[in-house]
Amino acid sequence: MSSHSAVTDAELVQRCRAGDQDAWNELVERYSRYVYAIAVRGFRLSDEDAEDVFQDVFTRVYTRLDTLRDDSAFRPWIAQLTRRRCLDAISGGDRELPTEDVVVEEGSADMGEIEEAYAVREALAGLTDTCQDILDRFFAQDQSYRTIASELDIPSGTIASRIARCLGKLRDELEGRNPASGGSRE
Amino acid sequence: MPEQYTEERIAVLLRLLRPAPEGWVRAAQELPVARRTLDEIVARAEADVAFRAALIADLEQALQNAGYEPSERAFVELRRLYVDR
Chain A
21 MSSHSAVTDA ELVQRCRAGD QDAWNELVER YSRYVYAIAV RGFRLSDEDA
71 EDVFQDVFTR VYTRLDTLRD DSAFRPWIAQ LTRRRCLDAI SGGDRELPTE
121 DVVVEEGSAD MGEIEEAYAV REALAGLTDT CQDILDRFFA QDQSYRTIAS
171 ELDIPSGTIA SRIARCLGKL RDELEGRNPA SGGSRE
Chain B
80 MPEQYTEERI AVLLRLLRPA PEGWVRAAQE LPVARRTLDE IVARAEADVA
130 FRAALIADLE QALQNAGYEP SERAFVELRR LYVDR
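Taken in order, these protein sequences are the chains called A and B.
Residue numbers for the first sequence follow our numbering, so the first one is 21 and each next one is one higher.
Residue numbers for the second sequence follow our numbering, so the first one is 80 and each next one is one higher.
A portion of the hints provided could be inaccurate.
To give an idea of the interface, some chain B residues facing chain A are shown, with a C-beta separation under 7 Å as derived from the structure [unchecked claim]:
#1 I89
#2 L92
#3 L93
#4 L96
Calculated from the structure, these hints are not laboratory results.
Don't be surprised by glycine CBs; every beta carbon is placed ideally from N, CA and C.
Can you build the whole structure from these sequences, using the hints too?
As structure tokens, this is what we get:
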């Protein structure tokens with residue numbers, strides 16, 4: 021389930037440049053939620069505009085991968101491509117807006133929050149596959165206890181306690197990555 | 080990073096990165112194949128005057144006759160190149 025395997029972005033980018041289709045599939049899978057969130061949650065684009073932005077961003081990534089100077093800086097690069105493309109969509113495509121013109125609507129997620137969410141997903145990869153799956157299905161896919169139980173073949177009466185246990189593990193994982201917060205458990 | 084992650088906060092952040100629609104992801108993953116097909120058609124159109132004329136006259140039919148099945152986005156690009164010029 022995880023989109024964050026042990027392979028680094030830089031390794032994936034290098035393999036993509038060499039024409040490795042599997043690496044491209046993984047890169048798209050890894051960043052699809054991120055690009056989608058920027059378009060839909062950050063800029064509140066309609067589905068139609070968001071789809072155009074989504075496909076355009078990955079087309080630009082694919083065709084301009086050779087221009088990326090620092091392979092480890094893939095995430096800021098794709099974030100910038102996405103933000104610019106969203107701004108074009110907002111302006112009707114008739115002029116290119118500078119990034120400073122971004123007006124985040126009330127209720128939309130800002131980039132800082134999306135970055136934070138990305139860090140949480142990276143931490144999620146440190147949990148067991150079952151924990152990753154349960155948390156993702158419940159929180160990101162809005163699946164019911166019954167659906168999760170049925171699809172993962174586990175008793176539905178245990179789903180709530182599993183979610184709580186996995187959330188606790190995820191919090192521990194996040195605090196392990198952020199030692200400054202280690203002593204601040206609620 | 081925030082100083083403290085409560086479980087409520089983690090839940091909010093997990094909800095923020097929802098899966099993109101499957102079709103969008105699949106189309107993006109198929110980009111390399113789509114680009115290769117597009118490049119092949121463009122190269123052939125540059126080398127083959129008759130094929131190019133057929134593309135201009137009836138893009139969809141010419142592609143079908145030549146056995147190409149370009150993606151939707153590749154088709155739009157070809158239309159831009161040969162029909163909407």
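So, going through the hints one by one against the coordinates:
no. : hint : in the structure
1   : I89  : holds, 6 Å
2   : L92  : holds, 4 Å
3   : L93  : holds, 4 Å
4   : L96  : holds, 4 Å
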